[in-house]
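As you go down the protein sequences, you meet chains W and X in turn. With the numbering used here applied, the first sequence corresponds to residues 270 to 399, in that order. With the numbering used here applied, the second sequence corresponds to residues 3 to 211, in that order.
It is worth saying that the hints were derived from the structure and are not from the lab. No residue lacks a Cβ here, since even glycine has one placed at the ideal position from N, Cα and C. You may find that some hints are simply not true.
Claimed, not checked - Cross-link-like lysine-lysine pairs, in silico, DSS-like; alpha carbons within 30 Å at most:
(1) W:Lys314 / X:Lys161
(2) X:Lys105 / X:Lys196
(3) W:Lys386 / W:Lys273
(4) W:Lys386 / X:Lys196
(5) X:Lys196 / W:Lys273
Stated by the list, open to error - Footprint (simulated), chain W over chain X, 3 or more residues, beta carbon under 8 Å:
(6) 102-112
(7) 142-152
(8) 159-170
(9) 177-188
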Amino acid sequence: MWPKENIPNESSVFMRVFRTFITQGNVLPNAFRDQGGGMSVDWDKYATPAQTRDRARRPENNAVVSLLVGAVRDVDGLAVEHEPVQENSCDERGNPLRPNRAHCEVIGEKTTERRVKLSRLWRWEVPLEE
Amino acid sequence: MRVLEDILSRRADLLSVEAGSRESVHGSGPAWSECISSKRWRSSGEWFSAPQLLPKPDDWFARSDFRAFMANRLRGRPVKRRAALPSTTLEAIESSRWILDLKDDWDEQGAEGYSEATWSRACGFLALQATLVRRSLARELPSPAILPGPKGSIDLHWKTQRFELLVNIPREEAEPATFYGDDYGTLCIRGNLKASEEVLGLVGFWLLV
Numbered sequence: 270m271w272p273k274e275n276i277p278n279e280s281s282v283f284m285r286v287f288r289t290f291i292t293q294g295n296v297l298p299n300a301f302r303d304q305g306g307g308m309s310v311d312w313d314k315y316a317t318p319a320q321t322r323d324r325a326r327r328p329e330n331n332a333v334v335s336l337l338v339g340a341v342r343d344v345d346g347l348a349v350e351h352e353p354v355q356e357n358s359c360d361e362r363g364n365p366l367r368p369n370r371a372h373c374e375v376i377g378e379k380t381t382e383r384r385v386k387l388s389r390l391w392r393w394e395v396p397l398e399e
Numbered sequence: 003m004r005v006l007e008d009i010l011s012r013r014a015d016l017l018s019v020e021a022g023s024r025e026s027v028h029g030s031g032p033a034w035s036e037c038i039s040s041k042r043w044r045s046s047g048e049w050f051s052a053p054q055l056l057p058k059p060d061d062w063f064a065r066s067d068f069r070a071f072m073a074n075r076l077r078g079r080p081v082k083r084r085a086a087l088p089s090t091t092l093e094a095i096e097s098s099r100w101i102l103d104l105k106d107d108w109d110e111q112g113a114e115g116y117s118e119a120t121w122s123r124a125c126g127f128l129a130l131q132a133t134l135v136r137r138s139l140a141r142e143l144p145s146p147a148i149l150p151g152p153k154g155s156i157d158l159h160w161k162t163q164r165f166e167l168l169v170n171i172p173r174e175e176a177e178p179a180t181f182y183g184d185d186y187g188t189l190c191i192r193g194n195l196k197a198s199e200e201v202l203g204l205v206g207f208w209l210l211v
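Next comes chain X alone, as it looks inside the complex (with noise of 0.2 Å):
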């Protein structure tokens, strides 16, 4: 079975330090003109960096607030930011607040409660690869379902007719989150990875492409 797992780490990591992609929404990175001329010495084969998928001003901003943004930042002054959470994503985060009322014991074997820093910290990861997938890939990351996990963790599980995706958040904040997906075939992908990282490799890619 192929694994691509250091493949998409190496480029996650690539694409953390990519300022087209990250600073430019904050308001605090080069403009978008920089952006994208700094982009010009990748070669092609980047999947992080292909041209089509750089977002035009047009695609986040009214052509009105395009122009107070650049006129905000060309003066220095704080620059607001659009709300980039996508809907289903905030729906599918509220709709798992029920796991919070799972006490020890919930599942009459001896499974234990869920404690709101995780959950919290679970919705918090969905959030930031929901948000980097719109900002980077101009496209809607799917929902996945928000699930208990064991031993107080939390599942997110993405279940696709090509792929499934499945990503345990721990109880404990130190511990790694851990992920495992494949196409149902030949190609998988495993791993461990921080819950407040943007990993554009990990869903981005394995769901979108």
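Looking at chain W on its own, in the form it has when it is part of the complex (with noise of 0.2 Å):
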């Protein structure tokens, strides 16, 4: 079983982005909303972000942009947890899911003031295929 681990304020965690939330090359606020508990992300100390765009259902129609996880809790009201995803886990539906030791959370409600916020944070590493 994985450690759940401290994150410190220099580490970076990786999101997918879907297709759809990009637009003339610039990723839009609502790119930034909740999956369940919280928005997953990788922590780069586990993972890469090709490893994070191949966790997509179809991968091709993701991009992958890099948050500083510093950054994230200056936003107020949002924190950055590690949720390791252990072996036999399940989703909420009782679906089972991939283990996966990096899955972070960006917990707090991704109000509209804290998605413009989050909009302005992203860098990218892996680029939409065309």
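Both chains are given apart, each in its own frame, so use the hints to dock them into the complex.
The following block contains the structure:
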């Protein structure tokens, strides 16, 4: 079982961005949303941008951006926590999940203000395939 | 960070009872001369009643149209209003219909689809503000991006070199819309609003002044 670790502010997290959320080379505020309990991201200590992209159902429809953990925490009301997905885990509907030691959650409601602020923090890691 | 929401919402409330900014174009309020004279008591510091912002009849009517308008008004006949929705706003609305094709799980991460009712409310809000800005400020509201928001909501997103503003119209009609905008620096605006109400203080002031 992987332990839950503290993530330093200097770390980055990778986030998949579906192609609909990208316009003219920009990631829009609507890309920053919760899936279940929080916004799923991967810690760069245990994942590469390519691995994050490949976890998508159809990787070719996704780009990957990085966010500096300290910058995310600077957005009032947001926290970044390590939530490794252990072996034999399931989602809320009972569907099995693939183990992922890098998995983290950006916790805190994604209000309009927080989404605008998050949309200014990202950096390209893997751009969208043409 | 300085927050302007209170000031703006208060001024927007004042605006909503301004005869000259609303009633005269609908044809049921006072005539232009009455509108202008009714504003004279306002101090020049009130941005919504500054004389240079008052539309002149020729701004919206050809002279002959204006005569007909006035003649009908004097005879108590219904007055036709010229369509006031900017073409860029109409285009933005039309080109956002694709959102309605997004069904549940469209992002392959469980995102919800969008109802026509939510989309209509978002477009209605935009049309209302665009018309208001044209009528009250004689300016064109820049077109926002109309985007699929979280949990079946719709986002209206304005991004200019000076300001960014995001308005979120929720799926549930009873819930208020939320907004946040700033100038990338120290000025920001945030709060809730009713999607069915004109809020010149939000889009007009923020984006045009």
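Exercise. Quick check: which numbered hints come out false for this structure?
Worked result: 1 and 5
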